[in-house]
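Student: Below are the chains, spelled out letter by letter.
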Amino acid sequence: MAVQILIPTPLQKFTNDEASVDLEATSVDALIDALEGRYPGIKGRLCDEGGKLRRFLNVYVNSEDIRFLDNQATALSDGDEVSIVPAVAGG
Amino acid sequence: MIVTATLSRSTFTGLRCKECGHPYEAGARHVCEDVCFGPLEVVYDYEAIRNRVSRATIEAGPASIWRYRDFLPIEGDPIDVGTGFTPLLKANNLAKRLGLKNLYIKNDGVNMPTLSFKDRVVSVALTRARELGFTTVSCASTGNLANSTAAIAAHAGLDCCVFIPSDLELGKVLGTLIYNPTLMAVKGNYDQVNRLCSEVANTYGWGFVNINLRPYYSEGSKTLGYEVIEQLGWQLPDHIVAPLASGSLFTKIRKGFDEFIKVGLVDEKHVRFSGAQAEGCSPIAQAFAEGRDFITPVKPNTIAKSIAIGNPADGPYAIDIANKTRGNIAAVNDTEIIEGIKLLAETEGVFTETAGGTTIAVLKKLVEQGKINPDESTVAYITGNGLKTTEAIVDSIGAPYTIEAQLDSFNAAWQQAQAALKG
Chain A
3 MAVQILIPTP LQKFTNDEAS VDLEATSVDA LIDALEGRYP GIKGRLCDEG
53 GKLRRFLNVY VNSEDIRFLD NQATALSDGD EVSIVPAVAG G
Chain S
800 MIVTATLSRS TFTGLRCKEC GHPYEAGARH VCEDVCFGPL EVVYDYEAIR
850 NRVSRATIEA GPASIWRYRD FLPIEGDPID VGTGFTPLLK ANNLAKRLGL
900 KNLYIKNDGV NMPTLSFKDR VVSVALTRAR ELGFTTVSCA STGNLANSTA
950 AIAAHAGLDC CVFIPSDLEL GKVLGTLIYN PTLMAVKGNY DQVNRLCSEV
1000 ANTYGWGFVN INLRPYYSEG SKTLGYEVIE QLGWQLPDHI VAPLASGSLF
1050 TKIRKGFDEF IKVGLVDEKH VRFSGAQAEG CSPIAQAFAE GRDFITPVKP
1100 NTIAKSIAIG NPADGPYAID IANKTRGNIA AVNDTEIIEG IKLLAETEGV
1150 FTETAGGTTI AVLKKLVEQG KINPDESTVA YITGNGLKTT EAIVDSIGAP
1200 YTIEAQLDSF NAAWQQAQAA LKG
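So the sequences go chain by chain: A and S.
In short: position in the first sequence from 1, add 2, done, that's the numbering used here.
In short: position in the second sequence from 1, add 799, done, that's the numbering used here.
Quick caveat, the hints were computed from the structure, so don't treat them as lab data.
Every residue, glycine too, gets a C-beta built ideally from N, C-alpha and C.
Do not take every clue at face value.
Computed list of chain A residues with no C-beta within reach of chain S, every gap over 10 angstroms [unchecked claim]:
#1 Ala-36
#2 Glu-38
#3 Asp-82
Distance windows between CB atoms, simulated [said to hold, decoys possible]:
#4 A/Asp-35 - S/Pro-886: 38 to 48 angstroms
#5 A/Gly-43 - S/Lys-1123: 20 to 30 angstroms
#6 S/Asn-979 - A/Gly-53: 43 to 53 angstroms
#7 A/Gln-14 - S/Thr-1124: 39 to 49 angstroms
#8 S/Gln-1085 - A/Ser-65: 18 to 28 angstroms
#9 S/Thr-981 - A/Ser-65: 45 to 55 angstroms
#10 S/Asp-1092 - A/Leu-71: 20 to 30 angstroms
#11 A/Asp-35 - S/Glu-1067: 30 to 40 angstroms
Please model the entire structure based on the sequences and the hints provided.
Tutor: Below you can see the structure in the form of C-alpha cells.
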C-alpha cells in the first residue's frame, strides 16, 4: 500500500530535504502517524495538540481536498498521491 | 572623500505569524513554518512612521499608492506605474435609487495599468521581489492578478510565468498574453491552480506574488483604505462594502484604517465592514450565516470568476471583522450580479466586472434588509473593469438599431426606440 506524499518546502527539513516520500498507509490519519514514525516531530507541525490538522494546512488526495472526502479518515490506496499545501491568498 | 549619509527609508522590521506571533526575517516566505503554518504578516515600526509622516507629507507625494510608501514593505525605489489614487465618486443617483443618502464608489476599475485593484498588490509584490533578488515572477490567478503581474513584470523587466484556470473570460486571457509572459491555462478551478502553484513554488525558486511573496503583496491592498480616508477629507466612512474572494482585501482595508488611526492621521471611529460573495461560491457567507468561525470549502460555480475562490485563506479573518464591526456578509445569485453591473452603469456611468456587480447587488440587498442605515456614509469598493468580462452581460443588455444612412431610416428607428422605452 505505497502512497506518495508531496512535502512542502517548510517541512522538508524533517524529510532530509526530500520533496516527495513514499509510505505505507491506509488513511490520512495513518499516513500522519507513519510520517511521524519515520520523521519524528513532523506531526507536531501538521496537527494541533488534539491531532487535528492545522486549519491553515490543506491536504489533497489525488488533487481532491480531503474536506470534500472523509477528512482525516479518508481512505488511501496503493499509488495514491497525497499533497500537503499551506493555504495561500489569491485572486 | 565625500561621505554621503544614507538614511534607511524602510519602516518595516520583519515578519510575524498572525496566529502565534512567532517572528521571522523579512525574506520570501509566507507561512509560520517553525510552529503553526499560520499566515505571516509584515511588522512595522509605527513610532518611526508616526515621526515621519503627516497629512502634508502624504499630500505632497505622488498621485499613486507610493504616496503611502512609509506604510508599505519595501526598502528601495518602488516600481511606480501610476497605480492607485483612483476616483472616489459621490454616487448620488445610485444612492437615491437604493434609498441611501451618503454613498460613495471607490472605482478601482480604472486603476493603472490593468484596470483592477490587483495593480496595487502587484506593484508592492514585484518591488519586493526585485529587492529579494528574484528574476522570475509568477502567480496563480482568477484573471485580474495575471493581467497585473504580466504587465508590471514587463515594465520592470522581470521574467514572468503565470497560471490561470483554463475557463477564464477571453478578455482576461488576452489581457495577460499581450504582455508576452508564459501563460499556463490549467484544466481545473482556481483552488486547483493554487495547489499546483504551491508545488511549483516549492521547486522552481520563483517569486510567486500570492504565495512566497504574499506578506508583501497583500499589504498593497491597505492603500484602498488610506485613499478613501484621504479622499473623504481625512475622515473614515461609517460603513464599507467590499467583495470577498480569499478575504485578504477585506482584512487589509481594515488594517489600512487602523494604521491611520494608530499613527494619528485620522480620528478613531467605528467603521462597519460588510462583505459580498456570489452564491455559486460563497463559503465565507455560508459560514457567517451559520455562525461558524471556520470555512468549509466549496467548488465554485458562478459567473463571478474573479472572486471564485472555494477555499479562501483569509475567510476566518473576514468573518471575525464582519462580526466585530457589526457588519454583514451576504451572497447574491448570478442574475442579481448582472443586475448589479447594469444598475451601477446606468446610474453612475461606471462599468464594472462581475465582482463589482456582486458588490452592488449585495449593497442593494443589505439596504433592503435594513442592514445599512440610510444616513451612514457608505463606501462600495469596485475592484475591476467590466470590459474584461463582457461574456457575462452580452445576453442581458440591449442591441443597437442598425439603420441606413438616411433620415427616414433614423426616424423609424427612433420611434421604435421611444416605444420600447415606454413599453
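Student: If a hint holds in the structure, say so; if it doesn't, say that too.
Tutor: A quick look at each hint next to the structure:
Chain S leaves A/Ala-36 outside its interface by the beta-carbon criterion, the shortest separation being 20 angstroms against a cut-off of 10 angstroms. Residue placement check: A/Glu-38 keeps its beta carbon more than 10 angstroms from all beta carbons of chain S (closest about 16 angstroms). Taking the minimum C-beta to C-beta distance to chain S, about 15 angstroms, the non-interface status of A/Asp-82 holds against the 10 angstroms cut. The hinted range of 38 to 48 angstroms is not satisfied by A/Asp-35 and S/Pro-886, whose Cβ atoms lie roughly 57 angstroms apart.
Between A/Gly-43 and S/Lys-1123 the beta carbons are some 36 angstroms apart, a value that contradicts the proposed interval 20 to 30 angstroms. As the Cβ distance of S/Asn-979 to A/Gly-53 is approximately 49 angstroms, the hint placing it in 43 to 53 angstroms holds. Under the hint 39 to 49 angstroms, the C-beta atoms of A/Gln-14 and S/Thr-1124, about 40 angstroms apart, fit the expected range. For S/Gln-1085 paired with A/Ser-65, a C-beta distance near 23 angstroms keeps the hint of 18 to 28 angstroms intact.
At about 22 angstroms, the beta-carbon gap between S/Thr-981 and A/Ser-65 misses the expected band of 45 to 55 angstroms. At about 23 angstroms, the beta-carbon gap between S/Asp-1092 and A/Leu-71 stays in the expected band of 20 to 30 angstroms. Taking the beta carbon of each, A/Asp-35 and S/Glu-1067 are about 50 angstroms apart, not inside 30 to 40 angstroms as hinted.
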